[in-house]
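Assemble chains B and C onto chain A, guided by the hints.
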Amino acid sequence: MSGGARRLAWAGLLVVTAALLVFGSVRDSGPLTQQDRIDAITKRVACPTCDGESVYVSRAAAAQAIRAEVARQVGDGLSTDDEIVAYIADRFGGQVLLVPRGSGIDALVWVLPVVVAVALVAALASSFRRGAVATGARSRRAQLVVTVAVVVVVGVGGGVLVARQAGQRLPLQTATGGIDDSTASLLAQARLAGPTDVKSAIELYARVLETDPDNVEALTYRAWLIMLSARQFDESLRQQAYASTITALGRAIELEPGYPDAMCFLGIVVYRDGGDAKSAKEFLDRCLERNPPNEVRGMVESLAAEAAAEVGG
Amino acid sequence: MRTSRVAVLATGVVFAALVAVFVVSDGDTDVGARSPLLGAPAPAVVTSTVDDAPFDLARRKGSWVVLNFFNSTCVPCIAEHPSLVDFVADEAGRADRAEFYTVVNDDSDEAINGFFAAKGGDWPKLRDTDGAVAVAFGVAKVPETWIIDPNGFVRLRIIGAVNDGVLEAQMARLRAGDQ
Amino acid sequence: MLVASATAQLGRAILLAGFLASFFGLFAAAIGARRNDPATLRFVPRFVVIAVAMAVAAFAVMERAMITRDFSLEYVQKVGSRSTPALYNFAAVWSALEGSILMWVLILAGYLAAAAWWMRRRLGEPLVAWAMAVMFAVLAFFFLISFGPANPFVVGPPGVTDGPGPNPLLQNHVLVMFHPPILYLGYVGMTVPFAFALAALIAGKVEDGWLHLTRRWTVSAWGFLTFGIALGGWWSYEVLGWSGVWAWDPVENASLLPWITGTAYIHSVMVQERRGLLRVWNVSLLIATFSLTILGTFLTRSGVLNSVHAFSESDIGPWLLAAFAVVVAVSLVLIFVRGDQLRADGRVETVFSREGAYLVNNVLFAVFAFVVLLGTVFPLVVEAIQRRQIVVGEPFFDRLTVPIGLTMLFIMAVAPVLPWRRDGRDTLSQRLLGPAVFGAACVAVSLVVGAAGIAPLLAFGLGGAAAGSAARHLWRAVRVQRLRGFVGRANGGMVVHLGVILICVALAASNSFTRSQEIDLVEGRAATFAGHTFELVDIVAERDARSQSVRALVSIDGGTPYAPSITKFTRIGMNVGTPSVRTSLTHDVYLTLEPPVRQDSGQARIKVFVKPLILWLWIGTFVMAFGTLLAVVPVRRKRAAQPSIHEVRDEAIDA
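Which chain is which? The protein sequence lines are A, B and C, in order.
Heads up: the first sequence begins at 1 in my numbering, then just goes up one per residue.
Heads up: the second sequence begins at 1 in my numbering, then just goes up one per residue.
Heads up: the third sequence begins at 1 in my numbering, then just goes up one per residue.
Okay, chain A solo, but in the shape it has when bound (with noise of 0.2 Å):
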């Protein structure tokens, strides 16, 4: 062949590969299945107990869990797969991120083979260079000086921008730890909140409602809480909040027959302010068949012996 005709051939060559090679990149191979993705997020989580193995990797019973889990989440269809990650990492610790992080200390482990790479290769470069031309000493320090430089720059540069692109970018702490608008959050401030600042902890669980107007615990506490705050006010406002109260009470135990909190504070309140210890027996009776919290049964024990005495006597 000749060197023209040769020439030609490696052009076409080349254009033609070129060409299929970017067909085949850009080509859609199919939509991800759901298991692709469990795949794909378990790859990126190292199971717990294995020092290194990837979930997707291990039979250990924690990877398993760890697998069912992610299943369940990429089944409700609600999360990202960053957001899964960030479940397993928020739980487990930030060591089961197996990819490394893209900035700080970590990004090293994608900086410095970048580096190496381009120092060695400039070095190469160099040494041939150097024995193609006869050079002085004061140029060759120049070039010298050259080559590391030219190394610092584009091992350095070339370094960052692979642990930019393949590091991780969740950070290390991803837990969000304290205020957000999440309902447990909210239930758990009106909690903490609770007998000291009965203003602000009614505020929160109406905040609950307002989302979630059948949760449960915000219905029975709110109620809880108002009934407490007005037996400080006059009659009129009482038997308002009286009324509103065993509503609420009601409509929780409605919702969740099985829910001690709301019967015994039923029971307490009927005793209390309604004055009916016949009803207030019954409910309290239920309501310790319900095997209620500690600070809720400590309230309603002694007042459902009273509450017994009266009616008995």
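Any given hint could be a false lead.
[Said to hold, decoys possible] Below, computed lysine to any residue pairings styled on SDA-like, alpha-carbon distance capped at 20 Å:
1) Lys43(A) - Ser516(C)
2) Lys199(A) - Tyr242(A)
3) Lys568(C) - Gln64(A)
4) Lys43(A) - Arg6(A)
5) Lys119(B) - Asp86(B)
6) Lys607(C) - Thr583(C)
7) Lys141(B) - Asn167(C)
8) Lys607(C) - Lys199(A)
9) Lys607(C) - Gln34(A)
10) Lys141(B) - Tyr242(A)
11) Lys607(C) - Asp130(B)
12) Lys607(C) - Arg72(A)
13) Lys141(B) - Gly258(A)
14) Lys607(C) - Pro595(C)
15) Lys43(A) - Asn511(C)
[Said to hold, decoys possible] Reference listing, derived: stretches of chain B covered by chain A, where coverage requires no fewer than 3 residues with Cβ under 8 Å from a Cβ of chain A:
16) 73–84
17) 88–100
18) 147–158
Hints were generated in silico from the structure; no laboratory data involved.
We put the CB at the ideal spot given by N, CA and C, even for glycine.
Chains B and C only, in chain A's frame:
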């Protein structure tokens, strides 16, 4: 200096640093009782007991709750069991007794019932069929013991078997701190 | 009791004797070499015999104790069991730390004996004597740690009549018999060329005769290491149940690191043989290979990094770290001092020649080794600096090694057609056209079959071009020499390249195009996935002395059932899933059974993986092994010991 000698020296420095890193490493894989959940509201736990009674952790607010992640074949779990029985007996006498629950980790109902029938302990045992509760708490290996306060916040995490008296001491400390 | 403790005493005595023999052998060889005293050197073969005899005896005593279930030894209590089948019981000796060190001693002693026998008429030469000294030193070290911190003959608590047996994962598949010994034959075998390299530096005999001496040793050890690593991947595939072959586990990386530098060496050494160049590179690569075997052992045995292989922590860490430090320090000092003597007069003129390609290859493999080493030890570095634990896993290694692998394929395509010494750009464009067309055709074919994604397509294209280059070389050799054209280093090397290409292509395909799905199967109803139908035929439970297992019989496309299972090893309380695989040339259908399984429910949850081209991984492995054999076969035409100073035509076949 010749390039190859520079290279040798550079290699020597890097290698010395590497050895230093290894000397400093203690191979210690114990994570301690850290958790991102400490001081945060406890995750939701909605499941059933092995007796098919419903359980919802959120509904236990108002009591101290102790969750013990357990498996009937794990050696440290078996070893710590008497300490747990003692703890529960100790708490039973208090008005504000802590509610104690076992979370079954990767075990069958029959094995659990058999174990507790033989070794005692009549508190509720919660099912965790595909490990959702374990994942929610970040529990990878049993045994682990978690203490949750009456407001629903996670207060303490103990990894590994608890020794005699440890839980009683920790409860006393937490209760005192809660005044 | 008296008999039992006698075993322990006997074993320890044998180990001590072996250590002493190696220790005195070291001195005999070193002093004899330094003083050039044949009388002293005559002791060397005697010490070799004693050391080897002791190594064999110690291993035999250990095996005997294991086979007779002698539970007085703590090691047998740890890994022995009455209910383990004989085959796995024999292999149980090397299933934990102390026994595997004992196997290292045995294999190292074997290599020492082989080297001494092969050099038996030249033991008087300083180079050989120093090499013997270095080997004695290494053997003495391993005898010492086997006698001391990793003692397999510790007497255990009395009254034990049975043990838990080895880890259930090691009782599942017969590969456990072969993978560790073959891997060790490779790993430990690197000691011999290292010993000669160090001897060359010590004795000041830095011309290239020693290279030629050790070439077959290095290639054979490399071959064993390659095969052992591949067997590990095969075991992982067949046993572990996640359907993968390589997880970038620290132990896997520890075995890969010496392979990387070893591969660089066996290529780069050709430049030294032909033109006496790259000597510093080659000596450094050999020393790096051996040092990495020690470092790798340290990383996996000391407990600083745990892994699937999970040998428990022991006191052996500091010893291995010290050994690593000593080896590297001594080597660095020697290179520093003798480095100038190593430098040759010529130089590599241009990067577009064969020498240039090998030099680029060295750089590429150095970067590869750096990436793997950095990823493996980086968690330790971060922990040392910031007291914080991180993990570096598959995503990191995959991301960085894919470009390295593609570059490797590119060099494999280009280098065999480059001429020695000359700038080969013109010849390239002429000779590479055919292979390049073949590579483009491969890309086209893979697109037709449905491939997508730039990285796998590049892998297929470059792989095709590299295969074309290798085939072109072999065809020209066969045309001149007929069947002899397959034999010898260069030709065998091309066959090995073909094997590597098969493996790279298979890895690219299976990593990029595996599909999986969890399927709930109900008896009587078929499910479909990826063009196959799956039907649950039956669920079978079995029980024997050491385990209970549940198997799901699944019929694929109506054929004979495949049976993935879950086995509970009752003594240890460990559940092990065993996959079942239907293999074919185009793809594997890989089934696992997912817990929980209830035997009488008529339902089972399976996970199906469809993995393209997996069989070609194993075919490629055997092609590599076969090629290595071809490469070490001696050829009738003897090469001159001196490197040729005449320009050699490309068509002349290297022997």
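Here's how the hints hold up against the structure:
Simply put, Lys43(A) and Ser516(C) have alpha-carbon atoms about 14 Å apart, close enough for the 20 Å limit, and the pair holds. Proximity of Lys199(A) to Tyr242(A) is assessed by CA-CA distance (about 17 Å); at most 20 Å being required, the pair is judged to hold. Under the criterion of a C-alpha separation no larger than 20 Å, the hint pairing Lys568(C) with Gln64(A) is consistent with the structure, at around 16 Å. Between Lys43(A) and Arg6(A), the direct Cα distance comes to roughly 47 Å. Violation of the 20 Å bound is thereby established for this hinted pair.
Restraint check for Lys119(B) and Asp86(B): the C-alpha separation of about 12 Å stays at or below 20 Å, so the hint holds. Under the criterion of a C-alpha separation no larger than 20 Å, the hint pairing Lys607(C) with Thr583(C) is consistent with the structure, at around 16 Å. For the hint linking Lys141(B) to Asn167(C), the alpha-carbon distance of about 19 Å falls within 20 Å, and the restraint holds. Using a Cα cut-off of 20 Å, the hinted pair Lys607(C) and Lys199(A) is violated, with the two alpha carbons roughly 55 Å apart.
Between Lys607(C) and Gln34(A) the CA atoms are separated by roughly 13 Å; this keeps the pair inside 20 Å, and the hint holds. Restraint check for Lys141(B) and Tyr242(A): not satisfied, since their Cα atoms lie roughly 50 Å apart, outside the 20 Å limit. With a CA separation close to 16 Å, the supplied pair Lys607(C) and Asp130(B) stays within the 20 Å bound. Distance check on the hinted pair: Lys607(C) and Arg72(A) sit about 16 Å apart at the alpha-carbon level, within 20 Å; holds.
For the hint linking Lys141(B) to Gly258(A), the alpha-carbon distance of about 33 Å lies beyond 20 Å, and the restraint is violated. For the proposed pair Lys607(C) and Pro595(C), the alpha carbon gap of about 11 Å is at most 20 Å, so the pair holds. This hinted pair checks out: Lys43(A) and Asn511(C) have alpha carbons roughly 12 Å apart, not beyond 20 Å. Only residues whose C-beta sits within less than 8 Å of a C-beta in chain A count toward coverage, and the stretch 73–84 of chain B has 0 of them, not enough to reach three; the restraint is violated.
Interface restraint, the stretch 88–100 of chain B with chain A: holds (4 residues with C-beta to C-beta distance below 8 Å; minimum three). Only residues whose C-beta sits within less than 8 Å of a C-beta in chain A count toward coverage, and the stretch 147–158 of chain B has 4 of them, enough to reach three; the restraint holds.
Of the hints listed earlier, those the structure fails to meet are numbers 4, 8, 10, 13 and 16, in rising order.
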